[in-house]
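Chemist: The residues making up each chain are set out below.
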Amino acid sequence: MLLELKNIFKWVNSGGQRVFLLKDINLKVDEGDFISIMGPSGSGKSTLLNVMGMLDGFNEGEYNFLEQSVHTLKEKKRATLYKEYIGFVFQSYHLLDELTVQENLEMPLLYKKFKGSERKAMVADMLDRFNIVGKKDLFPAQLSGGQQQLVGVARALIANPKLILADEPTGNLNSNQSEEIMQLFQQLNKEGVTIIQVTHSEKNAQYGKRIIQLLDGRMV
Amino acid sequence: MFKNYLKIAWRNLLRNKSFSLLNIIGLSIGLAVTAIITIWINFEMGYDRFHVNIDRVYEVNNIYPIGDEILTWNSTPKVMAEVIKKDYPEVEAVSRYYFNTSFLFAKDEKRIKSTGTIVDSDFLKIFTFPLLQGNLNTVFEDVNSVVITETFAKKLFGSKSPIGQLVTIDNSDSFKVTGILKDLPKNSSFNFEFLLPWAYLHQKGWSDDNWGNNSVATYVMLKKGTDFKSFSKKIKTLRERYDKGSPKMKTMLYPYSRTWLYGEFKNGVETGGRIDIIRMFGIIAAIILIIACINFMNLSTARSEKRAKEVGIRKVIGAEKGALIAQFLGESILISFLAALLAFIFILVTLPSFSILIDKPIALDLTNSSFWLAALGIIILTGILAGSYPALYLSAFKPSAVLKGTFKKMNSSITPRKVLVVLQFAAAIIFITASIIVMQQLNKVQDRQAGYNKNNLIYTEIEGDMEKNYNLIKNELLRSGAASSVTKTNAPMTESMSNTWDIKWEGKDPNDKTLVNRFIVDDAIIKTTGMQLIAGRDFDLKKYPTDSTAVILNESAVKLMNFNDPVGKIIKDFGIDWHVIGVAKDFVLKSPFQKIEPLVIQGAKGWFSFIHIKLNKEVSTSENLAVIEAIFKKYNPEYPFSYEFIDSAYASKFDDQKRIGRLVNLFTLLTIFISCLGLFGLASYMAENRIKEIGIRKVLGASVQSITTLLSIDFLKLVLIAIVIAVPISWYLTSSWLEEFAFRITISWWIFLAAGVLALVIAFFTVGYQAIKAAVVNPVKSLRSE
Chain A
235 MLLELKNIFK WVNSGGQRVF LLKDINLKVD EGDFISIMGP SGSGKSTLLN
285 VMGMLDGFNE GEYNFLEQSV HTLKEKKRAT LYKEYIGFVF QSYHLLDELT
335 VQENLEMPLL YKKFKGSERK AMVADMLDRF NIVGKKDLFP AQLSGGQQQL
385 VGVARALIAN PKLILADEPT GNLNSNQSEE IMQLFQQLNK EGVTIIQVTH
435 SEKNAQYGKR IIQLLDGRMV
Chain B
64 MFKNYLKIAW RNLLRNKSFS LLNIIGLSIG LAVTAIITIW INFEMGYDRF
114 HVNIDRVYEV NNIYPIGDEI LTWNSTPKVM AEVIKKDYPE VEAVSRYYFN
164 TSFLFAKDEK RIKSTGTIVD SDFLKIFTFP LLQGNLNTVF EDVNSVVITE
214 TFAKKLFGSK SPIGQLVTID NSDSFKVTGI LKDLPKNSSF NFEFLLPWAY
264 LHQKGWSDDN WGNNSVATYV MLKKGTDFKS FSKKIKTLRE RYDKGSPKMK
314 TMLYPYSRTW LYGEFKNGVE TGGRIDIIRM FGIIAAIILI IACINFMNLS
364 TARSEKRAKE VGIRKVIGAE KGALIAQFLG ESILISFLAA LLAFIFILVT
414 LPSFSILIDK PIALDLTNSS FWLAALGIII LTGILAGSYP ALYLSAFKPS
464 AVLKGTFKKM NSSITPRKVL VVLQFAAAII FITASIIVMQ QLNKVQDRQA
514 GYNKNNLIYT EIEGDMEKNY NLIKNELLRS GAASSVTKTN APMTESMSNT
564 WDIKWEGKDP NDKTLVNRFI VDDAIIKTTG MQLIAGRDFD LKKYPTDSTA
614 VILNESAVKL MNFNDPVGKI IKDFGIDWHV IGVAKDFVLK SPFQKIEPLV
664 IQGAKGWFSF IHIKLNKEVS TSENLAVIEA IFKKYNPEYP FSYEFIDSAY
714 ASKFDDQKRI GRLVNLFTLL TIFISCLGLF GLASYMAENR IKEIGIRKVL
764 GASVQSITTL LSIDFLKLVL IAIVIAVPIS WYLTSSWLEE FAFRITISWW
814 IFLAAGVLAL VIAFFTVGYQ AIKAAVVNPV KSLRSE
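Heads up: the protein sequence lines correspond to chains A and B, in order. All letters in the first sequence, in the order written, are residues 235 to 454 by my numbering. All letters in the second sequence, in the order written, are residues 64 to 849 by my numbering.
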C-alpha cells in the first residue's frame with residue numbers, strides 16, 4: 235500500500251462557524267493505482283490533493299504514507315518524504331518563466347542535490363523520452379500550452395517519484411492536447427507510476443482505474 | 064545551484080529593467096555616500112597615528128581657574144621643558160615646539176618664503192617623521208643647522224643633493240642643511256617645511272625663563288611601562304616649585320593622539336572637538352545607507368506577488384525555506400554588488416569635488432587591501448541587510464495558497480512597509496528643516512554689519528626691513544596716491560592676537576577676570592578702517608605725541624568698565640597708564656557668530672606685526688597694488704611683496720559653517736531623492752494591488768479624480784505621521800546646533816510648516832503619477848485579469 239487516509243477532517247473557522255473542507259475522508263491507494271477525483275467546484279478536490287501531497291495540513295485523522303504516519307512527522311521529515319516520492323502537475327503548468335525548458339527540468343534535481351553529471355544525464359533522458367530535445371533552450375512563453383504541460387509532466391517525473399498528483403492537468407488545454415497528456419499518464423501508469431488526478435472531465439476521468447466523487451468535502 | 068540562482072537573479076533583473084534601475088541607483092547612492100564619508104572619517108581618525116611612539120607621547124597643558132571658569136590651554140613657558148627633563152626620570156624625551164613661523168630662505172638668486180619652527184633635538188625621536196638623509200642623533204647638533212622636507216629641498220636646490228648645502232635664512236644667518244625629512248603625511252597635525260635647533264632661539268635672544276610667558280608647546284615622551292596615572296599626579300603640582308606668579312596653576316599631560324579629534328576643554332574636562340562633526344556625519348552616512356536599504360526592501364517586497372508563484376513552484380518541487388532565503392539573499396547581494404560597481408564610479412567622479420567641499424585632501428587608495436576588504440564587507444552586509452526582510456517574507460509563502468490563485472493580496476504585509484516609508488520621510492523632513500535653518504543662520508550672520516569698512520583695505524605682514532623703513536614706506540605710500548591711510552597693528556583686523564584679564568581701571572572688582580582683547584595700533588586706525596567713533600577722536604601722533612599711550616575703547620569695554628564719560632579716563636596695562644581718547648562702535652574682530660567682546664585699542668607703545676593700507680578708491684585696485692608693490696620692493700628688496708584683502712579674510716570666517724551648510728544641503732537632496740524612489744516603488748505596488756478594486760469602483764461610476772485622491776490620501780497620511788515624528792527631533796537637533804552661536808536666529812514655526820508642506824508636495828507628485836496611471840486603466844482590462 236502506498237498511502238492511507240483515515241477519518242480525515244479539515245476545516246476553517248469563518249465568522250465563528252466551522253466550515254468543513256474535508257469531512258471524514260477514508261482512502262487507500264495502492265502502488266500502481268490510477269485514481270480520478272471528481273466533483274463540483276468547491277467540493278474539496280484540490281484540498282484533498284494538497285493534503286495527500288503534504289502541501290496542506292488537516293485538523294483530524296490519520297495519514298500514512300509508505301508505512302510512515304505523516305501527521306506525526308516533523309516538517310523537515312515530511313519535506314524529505316514528499317521530495318523523494320511525489321511529483322506535482324498543475325492546471326496552469328507553473329513552469330519558471332525565467333528558466334529554459336532544460337533548466338526547468340533540472341530544477342528539482344538541484345534541490346535534491348544530484349551531482350552535475352547525473353543531472354545532465356537525467357535531463358537529457360527526459361528530453362529524449364518526451365521528444366522535446368529541440369525545445370530545450372526555449373522559454374515557457376515560447377511554447378504552446380500542450381508543450382508546456384508536457385514539460386510540467388516531465389519535470390514532475392524527473393526524480394522518479396512513486397506518486398504523481400495532477401490538479402486538473404488538462405484544464406487549460408484543447409481536446410487534442412488533453413488526449414495526448416492523458417495517454418501519457420496511462421503509459422506512465424503502465425510503467426508503474428501511481429497517479430491521482432483531479433478533473434472535471436468525465437472523459438478524462440475514465441482513464442483512471444478508479445473514480446472518487448466528492449461533494450461538500452465528503453466522499454460519495 | 065549557485066549558478067542557477069545567479070541565472071534567475073540576472074534574468075529577473077533584466078526582465079524588470081526600470082525596477083532594477085531604481086533599486087540599483089538608490090542603493091548605489093547610499094553606498095557611495097557611505098563610502099565617501101567613511102574615507103573622510105578614516106582620514107580624520109588617522110591623524111598623527113603614524114608616529115611609532117604615539118601611545119607614550121603627551122602634550123603639556125595648563126589648567127587654571129579664571130573667574131568662574133576653569134581654562135585649559137596648551138602653551139607653556141619655555142623653561143618648563145628643561146625642568147621636566149631634570150625632575151622626572153620617567154620622561155624619556157622632551158621637546159618644545161616654537162609656534163609656526165614664516166622665514167625667508169635664500170639660495171643664490173632664489174627667495175622662497177616657508178613655514179616651519181624651532182624644536183629641541185629630541186623632537187624627531189618623539190615624533191617619528193622619517194629622515195631620508197641625515198643622522199637622527201646629530202641633525203640638530205650645530206646651532207646653524209636646518210632640517211627640511213623633501214619637497215622644500217627640491218624647491219630650494221632643484222636636483223642638486225641638498226645635504227651639506229648652505230642656505231641663508233631671514234637675510235642674516237647662514238644654515239647648513241643636515242637632514243631631509245620625508246614629506247609629512249597629509250593627516251599630520253604638525254605642518255612645517257623646516258625645523259631649526261632650539262639653540263638658534265638662544266642665539267637670536269628670543270628665549271627667556273619667565274614662567275609667566277606661556278608661549279611654546281611642550282611635548283613629552285614617557286619611558287615604556289610608565290604608569291600614566293601616577294605620573295599625572297606627580298607632575299600636576301610642578302608649578303608650585305618654580306612658578307612664583309601662579310603656583311596654583313596645574314600641569315596636565317594630554318595624550319597627543321587625542322589632540323586632533325578631541326582637545327576641546329570646558330571647565331577642565333574634555334568636551335569633544337572635531338570628533339563632534341565626524342560623529343554627526345558618520346550618523347548621517349548610516350542614516351542614508353539605511354534609507355537606501357529600506358528602499359530596497361520596499362521595492363523588493365512590493366514585487367512579491369510576482370515572485371510568489373516562483374516561490375510556490377520551487378517549494379513544490381522540493382525547495383526548502385533555507386534554500387529560498389539563500390536564493391533571495393543571493394539576489395540582493397548581486398544587486399548590492401552591481402550597486403557597488405555603480406557607486407565606485409560615483410566615488411571616483413565625486414571624490415575630488417567632495418575633497419574640495421570639505422577642504423581635506425582625501426583620496427581613494429586602491430592599493431590598500433583593507434579598502435577592498437571593507438568594500439566586500441559593505442557589499443555583503445548591505446545585501447544581507449537589504450535582502451533579509453524580502454527573503455524572509457517571500458520564503459514564507461505557502462505553496463498551496465499561491466499556486467491555486469487563492470493567494471490573498473496581503474494587505475497586512477503593507478504595514479511594515481508603511482513604517483519604513485514614515486521613517487524615510489521623517490529623516491527627509493529633518494534634513495529639510497536642518498538645511499533651512501543652517502541657511503538662515505548663515506544669512507543672518509553674513510548680513511551682520513562688520514562695524515567697519517572692509518572694502519579697499521589690505522594688510523601685509525611686517526618682515527625684513529619693513530620695520531626699519533616703516534616711516535619711509537608710509538610716507539611714500541601716502542604721497543604716491545595709492546594709499547589714503549596707513550596703520551601699523553599687532554594683528555590683522557580680522558583676528559585678536561592678544562588678550563588679558565589684567566587691565567585695571569577705576570572701580571574694577573578685583574575678582575573680575577573678564578578677558579579683554581588688545582589691539583595695538585600706531586596711528587589713524589579709525590581713518591584706515593572706517594570704524595565708527597561714538598565719542599572722542601582718532602589717534603593722531605603728529606598733533607598729539609602723547610597718543611602713544613592713548614587708548615580707544617569699544618562699546619563693550621565701556622560697558623564692562625562702567626564708564627559714564629569714558630573720554631579722559633585712565634586704564635592700566637603693562638604698568639602703563641593709558642588715557643582714553645575715544646570710543647568706537649562695537650565691530651566684529653573675531654567671530655561674527657559670537658558676541659562682541661570688550662576691546663582696547665592701544666597706541667603706539669607696543670609691538671607691531673602688520674601694516675594695514677587703505678587703498679585710494681579713486682584709482683583702480685590693480686594700479687594701486689602695482690604702485691604699492693613697487694614701493695615695498697624698493698624698501699624691502701629681499702622679500703616678495705605679499706598681501707591679503709580684509710574682505711576676503713573676513714569672508715573666510717564663514718568657511719566652516721558654509722561647508723556644513725553645503726554638506727547638509729547635499730545630504731538633504733540625496734535623502735529626498737532616495738526616499739522618493741522608495742515611495743514610488745510602494746505606490747506602484749499599491750496601484751497594482753488595488754487594481755481590481757479600482758476597476759469595480761470605475762464600473763460603479765467613480766471618476767479618475769476621485770480614484771486618484773483615494774489612492775493618494777493613504778500616502779499623504781504617512782507623510783503627516785512622518786512630520787509629527789520629525790518636528791520635535793529636528794527642533795531639538797537644530798536648536799542644539801544653534802546653541803554654539805551667541806549671534807543666532809530664533810527658530811520660527813513656519814520652517815517646520817514649510818518642510819512639511821514640501822515633503823507633502825514631493826510625496827504627492829511621486830504617488831500621484833502612479834495613482835493617475837492606475838485610475839485611467841480601462842476597467843474591462845483590470846477585471847478580466849482576475
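Just so you know, these hints were derived from the structure itself, not from any lab. Do not rely on the hints blindly, as some may be mistaken.
[Said to hold, decoys possible] For lysine-lysine, the following DSBU-like pairs were computed, each having C-alpha atoms within a straight-line distance of at most 30 Å: (1) B:372 x A:346; (2) B:461 x A:349; (3) B:173 x A:310; (4) B:537 x B:369; (5) A:349 x B:217; (6) B:313 x A:317; (7) B:66 x A:310; (8) B:66 x A:369; (9) B:507 x A:370; (10) B:286 x A:370; (11) A:311 x B:239; (12) B:635 x A:354; (13) A:347 x B:329; (14) B:313 x B:286.
Chemist: Between residue 635 (chain B) and residue 354 (chain A), is the straight-line Cα distance small enough, at 30 Å or below?
Modeler: 101 Å, violated
Chemist: Going straight from one Cα to the other, do residue 313 (chain B) and residue 317 (chain A) come out at no more than 30 Å?
Modeler: 79 Å, violated
Chemist: Between the alpha carbons of residue 461 (chain B) and residue 349 (chain A), is the straight-line distance 30 Å or under?
Modeler: 28 Å, holds
Chemist: Given the proposed pairing of residue 313 (chain B) with residue 286 (chain B), does the C-alpha separation stay at or below 30 Å?
Modeler: 22 Å, holds
Chemist: Take a quick look at whether residue 537 (chain B) and residue 369 (chain B) sit within 30 Å of each other, Cα to Cα.
Modeler: Status violated; Cα separation ~84 Å.
Chemist: Is residue 507 (chain B) within 30 Å of residue 370 (chain A), Cα to Cα?
Modeler: 73 Å, violated
Chemist: Would the pair residue 173 (chain B) and residue 310 (chain A) pass a check requiring their Cα atoms to be no farther apart than 30 Å?
Modeler: 85 Å, violated
Chemist: Are the Cα atoms of residue 349 (chain A) and residue 217 (chain B) separated by 30 Å or less?
Modeler: At roughly 67 Å apart (the allowed maximum being 30 Å), residue 217 (chain B) and residue 349 (chain A) break the hint.
Chemist: Is the straight-line distance between the alpha-carbon of residue 347 (chain A) and that of residue 329 (chain B) 30 Å or less?
Modeler: 67 Å, violated
Chemist: Check the hint pairing residue 372 (chain B) with residue 346 (chain A) against an upper bound of 30 Å on the C-alpha distance.
Modeler: 20 Å, holds
Chemist: Within 30 Å, alpha carbon to alpha carbon, are residue 286 (chain B) and residue 370 (chain A)?
Modeler: Roughly 77 Å separates the two Cα atoms, so the pair is violated.
Chemist: Are the Cα atoms of residue 66 (chain B) and residue 310 (chain A) separated by 30 Å or less?
Modeler: Status holds; Cα separation ~25 Å.
In summary, the structure is inconsistent with hints 3, 4, 5, 6, 9, 10, 11, 12, 13 from the numbered list given earlier, while agreeing with the others.
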